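**Student:** Using the sequences plus the hints, can you model the full thing?
Chains as they are written, first to last, in our numbering: chain A, 1 to 183; chain B, 1 to 266.
Quick caveat, the hints were computed from the structure, so don't treat them as lab data.
Take the hints with a grain of salt, since some may be wrong.
Stretches of chain B that chain A covers, calculated by requiring three or more beta carbons in the stretch to come under 8 angstroms of a beta carbon on chain A [claimed, not checked]:
{"hint": "1", "segment": "48-60"}
{"hint": "2", "segment": "76-87"}
{"hint": "3", "segment": "183-193"}
These numbers come from a predicted model, not from an experiment.
All C-beta atoms, glycine included, are put in the ideal place defined by N, C-alpha and C.
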Amino acid sequence: MSIKLNVKQRANTVGTLRFVSVFLMETLARWIPTTPEMEVKMLLSRQVWRMAQQADRLGRRGRELRAPLHYSRPPQQDFQSALKQLAAVTDTIDRIDAFHDVALPALAAGYKRYLAETDRLTDEPTVMICEQALAEIETMRRERNEWGSEIPKARATDSSALKAARQAVAGVKDIVDHSEQAA
Amino acid sequence: MEPFETKVVRGVTLRKDPAREPCFTVADTDDQMISWPDWSDQSKRERIHRHMNNEMTTTEVAAQCLCDFPDAPWELRMELARQVWDESRHVMGLYRRLKELGGHKGEFPVANFEWTVSSYVDSAIGRITVMNRTFEAGTMDVMASLPDGWREEGKDPQTAELLDAIAADEIHHVRFANHWVHRLCAENKRNLLKVAQAVRYLDVAQKALSPAPGTTNLVGVAVENVAMSAPINVADRQLADFTDDEISVLLKKHDLESLVAPGAGA
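**Tutor:** Right, here's the structure in full:
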């Protein structure tokens, strides 16, 4: 038996995933009044609630890992910068794809990495949260293409803003900052 | 809270309208709107179209609260996030019905009054006071009789059922606002001042934008003949956790004194 992540490291990752979930919830919320297309507003609104629920479950789990209730921990600085770059896109299609095709895969990678590293028995409550989140991410990504007949399709080629956000996010290897300063 | 753009209508400073597709004509006042008192096909479509936009503005107000007040209690933010989703389902339900009745987006002018007023308020407690506890509660009053109107006068049971489902959701949006306004006022009396400021601002805005007697809309109908008003919906207000005292005081409009819990600390 080898337990790769100790309790503190688990709390750090859970707090980081929560930080990212809240950041994405706020980003979607900020886009809703400033995006003209009605059906796009409503698609983003659906995802606000899903991101809030993910953040809520992670926040409650944090307390079970000796962290404060709803503990949020900023991710690595380069990932924070990438998230801010992503949140700054203004075009409607860019916003849809920045969330569904850039942010969600990065978040999913964070959940998968955690699942690969943690002990599935002693950390089963977090495992269940991660697996539920991954299923929800799949649903959200599917909705990008299937929900609502008036959602614009992705461009064949990324705009420069979306391309830059995609590259910034792809350049981050691990989103969790385990340093003491991040606490 | 980040700075935001404003507009001035009849001397009142309001938050600038949220983004709308070019197909929508955005009105500031009732005389720029279109509505009819009858139950003709176009009147039905206009009622649904107007309601659809109102639900959209509520979605936007709740969403804006999430980014404007990141330090609000998490449980309150969860309620707002849930409201965002609820209102978006209302929009899509009404849009679906509008299309079934042969209508389309932008068919009639829309007004974003609830957004322009609610989102101008600079505190979370003030916003939920205006948006949920006043506008949504007012909608709850109107919605008490609306489904029956659609069923009996409009001969449209499908829209009636849709509106009834929406009304059920709205009760919780009012209830959570009641809960949080009471709780936050009990925790800190200064929050009562924020509530009072928000209500005062709402009062000023409503008075300034209210149509003068005899005002007609774009199709020549007297605005007073199509204004949506209704008696207090006591049953739903009780479900939304208004106290009996508050419901009584509501008849006088402003019920601030009921928010002061005995012994509430500063």
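**Student:** Evaluate each hint against the coordinates.
**Tutor:** Hints versus structure:
1. 48-60: holds (count 3)
2. 76-87: Since three or more residues must qualify, the claim that chain A covers the segment 76-87 of chain B holds, with 7 doing so at under 8 angstroms.
3. 183-193: Per the Cβ count (0), the hint is violated.
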